[in-house]
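Novice: Sequence:
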Amino acid sequence: MTERPADPAAGLRAPADDAEARALLLTGEIDLEGRMLDASNVTLVGYVRTGELEAECVYKPVAGERPLWDFPDGTLAGREVSAALVSEATGWRVVPPTVLRDGPFGPGMVQLWVDGDPDVDLAAFVRSDDPGLRRMAVFDAVVNNADRKGGHIIPTSDGHVYGVDHGICFSVDPKLRTLLWRWAGQPLPAEAVEALEKLTGDLMGDLGDQLHEHLTRREVRRTQQRVAELLRTGRHPQPSGDWPALPWPPF
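Numbering (the numbering used here), first residue to last: 1 to 251.
Treat the hints as calculated values from the structure; they're not laboratory data. A portion of the hints provided could be inaccurate.
[Unchecked claim] Now the in silico label distances, taken between C-beta atoms and shown as ranges: (1) Asp-73 - His-160: 31 to 41 Å; (2) Arg-221 - Trp-243: 14 to 24 Å; (3) Trp-243 - Gly-150: 11 to 21 Å; (4) Asp-73 - Arg-13: 32 to 42 Å; (5) Asp-206 - Asp-121: 15 to 25 Å; (6) Asp-31 - Gly-234: 40 to 50 Å.
Beta carbons are placed, not taken as given, at the ideal position from N, Cα and C, and that holds for glycine.
Input sequences plus hints: build the corresponding full structure.
Specialist: Below, the structure is given as structure tokens:
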């Protein structure tokens with residue numbers, strides 16, 4: 001795991017894996033310490049603890065979501081959790097462990113805090129051929145991510161690449177906005193095809209059922225169709241021309 005290590009003096013340890021992190025996020029006591037003032041929605045940071053585990057976390061209460069013209073009110077937390085479910089199904093771990101639960105200010109998204117590598121030049125990194133970025137580009141095409149800014153990409157010191165802030169995903173309309181157009185039109189790598197084929201079955205089964213708890217039936221169906229289209233073309237998507245291709249601001 002890449003969150004800040006727990007304080008051994010307090011007898012607490014960090015989660016050993018993603019499954020343990022999700023259990024901690026679901027059942028631990030949330031102790032808030034501050035707010036990220038540059039976030040467009042209320043985004044609070046702190047710690048989540050049980051009797052033996054501790055980790056830094058991000059908490060976004062539904063009550064703090066800013067209304068948007070193109071997404072139903074009060075649905076952003078569920079979209080974040082849906083993105084995490086798809087991430088888990090691919091096996092790529094694009095999204096840090098994320099749950100929906102009650103918190104100090106009501107129901108909201110709670111996500112494991114991930115520390116980025118301070119030695120990475122993010123502006124240069126997002127233009128690289130890093131395999132983690134390419135997986136993220138495929139993932140974003142699946143979830144129809146309308147906001148893949150540079151600041152939503154977190155390369156860690158162990159070489160993994162995480163993505164955060166998935167509240168405006170899963171629109172039924174094509175809204176892919178991303179900095180990761182490097183592979184546009186290129187053939188999908190074999191690992192992406194394999195992951196998408198697995199995702200096809202998952203979306204017809206348990207994953208689809210889980211997504212229906214947070215998304216509309218039409219949004220889930222359009223996700224299935226996006227996966228099918230990626231497999232049909234066998235290529236990374238290209239900008240549609242009908243929607244801005246880049247998020248603003250890009251970082």
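Novice: Compare the structure with each hint and give your call.
Specialist: Hint-by-hint comparison with the structure:
no., hint, in the structure
1, Asp-73 - His-160: 31 to 41 Å, "holds, 34 Å"
2, Arg-221 - Trp-243: 14 to 24 Å, "holds, 20 Å"
3, Trp-243 - Gly-150: 11 to 21 Å, "holds, 19 Å"
4, Asp-73 - Arg-13: 32 to 42 Å, "holds, 39 Å"
5, Asp-206 - Asp-121: 15 to 25 Å, "violated, 40 Å"
6, Asp-31 - Gly-234: 40 to 50 Å, "holds, 48 Å"
Hint compliance for this structure: hint 5 is the single one not met.
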